[in-house]
Amino acid sequence: MVITLAEVWRALDEITDPEIPVVSLVEMGIVRDAQIEGDTVIVTMTPTFAGCPALRVMRDSIVEKLTARGAAHVEVKTVLTPRWSSDWLTDAAREKLKAFGLAPPPKHGGNAQLFFPDQVACPYCNSTDTRVANHFGSTLCRAIYFCRACQQPFEQFKAL
Amino acid sequence: MNDTLLARNVLALADDSLLLGHRNSEWAGHAPILEEDIAFANLALDELGHAQLWYELHQELTGREPDETIFFRDAADYLNIQLVELPKGDWAFSMLRQYLFDAYENVLLAHLVNSSNARVAEIAAKQRPEEMYHLRHTAHWVKRLGLGAAESHRRMTAALNELWAYALQLFAPLENAQALTDANILPNPRALQTEWENQVGAHLTASALAIPAARAPRAKSRSEHTAHLRELLTEMQEVARSEVYGVEW
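Protein chains in written order, with my numbering: chain A, 1 to 160; chain B, 1 to 249.
Pulled out of the complex, with its shape left as it was, chain A reads as follows (with noise of 0.2 angstroms):
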């Protein structure tokens, strides 16, 4: 075995989500956990929206960075318990999030009356005074907003 833990983690923090180019899979949360045993690196995942087609090309990508990385043999898993949440997104990744012009989801605790604000703070003007044109968007995890103080339609990564 060529490839260290260390270097997995960094392989892993390399590889972005394909909806959303700015953030990594490590923080998004969707990697869980990585193990080296033998000559295989065994990497355990969990999707965010249970018919979110980028799950495929994720798993793809991790096999293919892993392996140019130097593993010999990778396995990818997919788990559901702990369910994926937004709140697991860091802080960083909601900077990016927004500066992506995507509105970060609402911390929401478990509380599902919160997943729709009726308010999300603007990504490009950070006004409050917007509202829901769409509970669905371009992908499953996104909502469309319009900006009633830019007048611009954005985007929100829906709370789950």
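All the pointers check out, no bait thrown in.
Only pairs whose alpha carbons sit at most 20 angstroms apart, straight line, appear in this in silico SDA-like list of lysine to any residue: (1) A:77 - B:122; (2) A:107 - B:125; (3) B:220 - B:176; (4) A:107 - A:121; (5) A:107 - B:129; (6) A:77 - B:60; (7) A:77 - B:66; (8) A:77 - B:63; (9) A:77 - A:47; (10) A:65 - A:2; (11) A:77 - B:59; (12) B:220 - B:190; (13) A:77 - B:125; (14) A:77 - B:61; (15) A:77 - B:118; (16) A:107 - B:132; (17) B:88 - B:26; (18) B:88 - B:30; (19) B:143 - A:134.
Quick list of the computed label-pair ranges, beta carbon to beta carbon: (20) A:110 - B:221: 35 to 41 angstroms; (21) A:100 - B:33: 24 to 30 angstroms; (22) A:78 - B:63: 17 to 23 angstroms; (23) B:205 - A:21: 43 to 49 angstroms; (24) A:64 - B:149: 51 to 57 angstroms; (25) A:10 - B:231: 50 to 56 angstroms; (26) A:129 - B:74: 54 to 60 angstroms.
Interface residues of chain A toward chain B, partial, derived using beta-carbon atoms under 8 angstroms: (27) 49; (28) 50; (29) 51; (30) 81; (31) 83; (32) 134; (33) 135; (34) 137.
Calculated directly from the structure, the hints in this document are not laboratory data. Computed from a prediction, not measured in an experiment: that's the story for all the values here. Just so you know, even glycine gets a beta-carbon here, dropped at the ideal spot from N, CA and C.
Starting from the known structure of chain A, arrange chain B on it as the hints suggest.
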């Protein structure tokens, strides 16, 4: 014994989500407004994702791969209820069908997260917040269309009168399912129906839509299908089945 019985019930859950997702996907490019085109594509994808989780559990219980189960099974062996195989109809029909199903899933999943089977419980927990988003969206539209113009109210009333008896099949258990209820793996369908009727009834009334009088499900068994299912599967399975004869990608 319980594994075989559970596999059959899990397959019914999977088939319901798969077919509803497939019907929703037929709105892509055809919805009355762009936002709803996007919404229905998302609803379709979510339902396919949920179906996939159930088909994976079905595979763990039976050894049958999801692709084989989906593409190489004939209509007679599908266990979905007729509600989800009906053609998409007009937009009121699709919206109301999705609402009736979302309300059912929200009630069902609230029970399944406490299932004594750990896999059933975790799959339900994964789906539940996504289904809350669905219900929020469709409940909003049911009210908007019910209380909207005379034409939207007329179409919603027609859709409800058509769909109600089909929806009641959601609560008709598969044969021998009582054993799973006794083992606290699945909830009691009668209790589910009461919760669903209370919630749905209150919302439809608030949306100025009258609950139809029908009390009996449209079909008695999940093995009874309309000709629409065969047509849907013929199209959905065509590519997978032709690959057997040597088509390469």
